[in-house]
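Student: All chains should be modelled from the sequences, with the hints used to inform the complete structure.
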Amino acid sequence: MEYRIEVENLNVYFDELRVLKDVNIKIRKNIVTALIGPSGCGKSTFIRILNRMNDLIDTFRMDGGVLLDGEDIYDPKVDVVDLRKRVGMVFQKPNPFPKSVFDNVAYGLRVHGLTDKDALGERVEESLKAAALWDEVKDKLDKSALGLSGGQQQRLCIARTIAVEPEVILMDEPCSALDPISTTKIEDLIHKLKKEYTIIIVTHNMQQATRVSKYTAFFLHGEIIESGTTDQIFVEPRDKRTEDYITGRFG
Amino acid sequence: MAFRIISPKNVQMIMKAIFWAAGITTIVILLIIIGYVLFKGLPVINLDFLFSEPIDSGRSGGIFPMIISSAYVTLIALLVAAPLGVGAAVYLAEYSGETTAVKIIRFGAETLASIPSIVFGLFGLAFFVIYLGMGWSVLSGGLTLALMALPTILAASEVSIESVNKSYSEGSLALGATKWQTVYQVVIPAALPGITTGVILGMARAIAEAAAILYTVGAALAIPISLLDPARPLPLHLYIIATEGISMENAYGTAAVLVILILVITITTNTLLDRYTKKMMGR
Numbered sequence: 001m002e003y004r005i006e007v008e009n010l011n012v013y014f015d016e017l018r019v020l021k022d023v024n025i026k027i028r029k030n031i032v033t034a035l036i037g038p039s040g041c042g043k044s045t046f047i048r049i050l051n052r053m054n055d056l057i058d059t060f061r062m063d064g065g066v067l068l069d070g071e072d073i074y075d076p077k078v079d080v081v082d083l084r085k086r087v088g089m090v091f092q093k094p095n096p097f098p099k100s101v102f103d104n105v106a107y108g109l110r111v112h113g114l115t116d117k118d119a120l121g122e123r124v125e126e127s128l129k130a131a132a133l134w135d136e137v138k139d140k141l142d143k144s145a146l147g148l149s150g151g152q153q154q155r156l157c158i159a160r161t162i163a164v165e166p167e168v169i170l171m172d173e174p175c176s177a178l179d180p181i182s183t184t185k186i187e188d189l190i191h192k193l194k195k196e197y198t199i200i201i202v203t204h205n206m207q208q209a210t211r212v213s214k215y216t217a218f219f220l221h222g223e224i225i226e227s228g229t230t231d232q233i234f235v236e237p238r239d240k241r242t243e244d245y246i247t248g249r250f251g
Numbered sequence: 252m253a254f255r256i257i258s259p260k261n262v263q264m265i266m267k268a269i270f271w272a273a274g275i276t277t278i279v280i281l282l283i284i285i286g287y288v289l290f291k292g293l294p295v296i297n298l299d300f301l302f303s304e305p306i307d308s309g310r311s312g313g314i315f316p317m318i319i320s321s322a323y324v325t326l327i328a329l330l331v332a333a334p335l336g337v338g339a340a341v342y343l344a345e346y347s348g349e350t351t352a353v354k355i356i357r358f359g360a361e362t363l364a365s366i367p368s369i370v371f372g373l374f375g376l377a378f379f380v381i382y383l384g385m386g387w388s389v390l391s392g393g394l395t396l397a398l399m400a401l402p403t404i405l406a407a408s409e410v411s412i413e414s415v416n417k418s419y420s421e422g423s424l425a426l427g428a429t430k431w432q433t434v435y436q437v438v439i440p441a442a443l444p445g446i447t448t449g450v451i452l453g454m455a456r457a458i459a460e461a462a463a464i465l466y467t468v469g470a471a472l473a474i475p476i477s478l479l480d481p482a483r484p485l486p487l488h489l490y491i492i493a494t495e496g497i498s499m500e501n502a503y504g505t506a507a508v509l510v511i512l513i514l515v516i517t518i519t520t521n522t523l524l525d526r527y528t529k530k531m532m533g534r
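Chains as they are written, first to last, in our numbering: chain A, 1 to 251; chain B, 252 to 534.
Don't take each hint at face value.
Unchecked claim - Straight-line Cα separation of at most 30 Å, BS3-like style, residue types lysine-lysine; simulated pairs:
| id | chain 1 | residue 1 | chain 2 | residue 2 |
| --- | --- | --- | --- | --- |
| 1 | B | Lys417 | A | Lys129 |
| 2 | A | Lys194 | A | Lys129 |
| 3 | A | Lys143 | A | Lys117 |
| 4 | A | Lys195 | A | Lys214 |
| 5 | B | Lys267 | A | Lys93 |
| 6 | B | Lys430 | A | Lys93 |
| 7 | A | Lys143 | B | Lys529 |
| 8 | A | Lys77 | B | Lys354 |
| 9 | A | Lys21 | A | Lys214 |
Because the hints were derived from the structure by calculation, they are not lab data.
Tutor: Given below as structure tokens:
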């Protein structure tokens with residue numbers, strides 16, 4: 001099995017605070033990996049390492065290696081803009097732009113230089129279909145995206161992300177602001193998308209991790225305590241702390 | 252608890268009455284001022300008054316050159332102050348960190364906003380009229396007004412850019428957009444209602460200003476053609492014919508035109524902004 005992402009001895013600091021400690025993990029291609037752990041354990045910081053969103057924070061420092069397809073993404077020669085096109089991100093709270101549904105999905109494409117109207121229309125339709133949203137919005141493509149429901153907004157954000165054809169999709173608790181029905185729709189979508197994309201999902205919901213992921217890593221206080229197949233982590237955890245967390249004894 | 256003299260329910264009623272009274276008083280004062288000016292001025296206004304030149308220093312005749320002068324200086328002020336103010340606001344809100352230099356710029360802008368307009372006039376006289384040799388002209392007057400409108404536009408734009416939801420920029424950057432693409436295509440459109448309000452406020456300040464142009468624009472009664480022609484915008488005309496006792500009647504007419512002009516500008520932009528915001532927010 002080939003690895004999409006390899007992280008070696010990663011340490012992350014904000015000012016003097018060490019938020020991630022000697023993180024080592026390899027993430028396989030076209031598979032869903034779940035990151036679980038209590039709040040403040042560094043999961044979100046970790047996925048923001050993978051598309052270099054932490055670069056936006058002034059006090060951010062890191063050392064260690066982060067390889068995407070074998071290339072160090074923190075190499076000075078790497079173009080961050082190009083990296084973020086390859087590694088898309090879906091946020092915790094749906095954050096469509098205050099633009100029309102169409103313009104939301106077309107945004108990334110336009111930003112990367114696609115101007116042809118027919119091609120844009122085609123890609124927008126494809127992306128909305130892939131995000132299982134087309135049937136619900138096809139008649140209101142020119143209406144503001146902020147008029148959609150929360151679940152629709154989140155699927156729109158997924159459509160927006162896959163429109164630029166990334167290799168990896170990072171999802172930072174994508175269902176935490178959604179109702180159970182919308183959550184189910186997003187999970188179904190994740191199952192559909194994993195054939196083509198490498199998906200890394202941060203979740204607080206144990207059931208969600210078992211439902212959508214093949215591999216799981218358990219974070220605690222900035223360290224990966226244990227990682228392995230989701231079945232192994234949830235059925236026979238090797239570490240006492242993992243067991244305590246997944247059985248709900250803390251966190 | 253036993254010592255409470257007035258029950259919370261009554262306090263609630265009393266406070267409500269106080270706030271209601273404050274609100275009503277404010278509205279009434281506003282209506283009286285506008286109503287009085289319109290009452291005295293509207294009878295003077297007709298097509299002849301609007302579209303003819305003044306006769307005998309404004310004792311009779313119209314105010315056409317003054318309307319043109321006002322449009323001219325306000326346009327110059329806006330062309331200079333709007334790009335500069337919005338540009339500086341984008342820089343302060345999006346590009347600069349909280350450095351000492353930035354704090355000084357912001358403090359400078361705040362101070363500038365509260366300087367009396369006559370001081371701007373004096374500066375305009377010393378700098379534009381005399382030092383740069385522009386003379387008493389629409390250019391000197393327009394630039395002085397630009398200085399006055401600048402802090403208003405800057406402050407309103409900066410606040411509205413900063414209050415744009417950070418999740419929009421994050422979403423844009425995460426799609427591989429550059430900082431500039433994010434600012435230009437996501438942040439500024441979202442902040443546009445606030446920026447426009449700031450520009451309109453600055454414009455209203457410029458169009459209604461007499462003191463700042465008193466020493467800079469001259470007082471010519473003819474229609475200004477070139478940038479270096481002297482002129483007499485509406486507020487200045489109003490000031491001159493009222494203080495020199497030339498014609499109180501025409502002063503009220505001029506005042507009414509100014510008030511109507513500002514009302515039209517404010518109502519139009521508010522309507523357009525409302526429509527834009529509704530469309531953007533999907534309501």
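Student: Against this structure, judge whether each hint is valid.
Tutor: Hints and how they fare:
1. B:Lys417 to A:Lys129: Given that 30 Å is the threshold and the Cα spacing comes to 28 Å, the pair holds.
2. A:Lys194 to A:Lys129: The given pair, whose Cα atoms are some 15 Å apart, holds under the 30 Å limit.
3. A:Lys143 to A:Lys117: holds, 18 Å
4. A:Lys195 to A:Lys214: holds, 12 Å
5. B:Lys267 to A:Lys93: violated, 38 Å
6. B:Lys430 to A:Lys93: holds, 21 Å
7. A:Lys143 to B:Lys529: holds, 11 Å
8. A:Lys77 to B:Lys354: Outside the cut-off at roughly 34 Å; violated.
9. A:Lys21 to A:Lys214: Satisfied, since the Cα-Cα distance of roughly 24 Å is no more than 30 Å.
Violation of the numbered hints given earlier is confined to hints 5 and 8; the remaining hints are satisfied by the structure.
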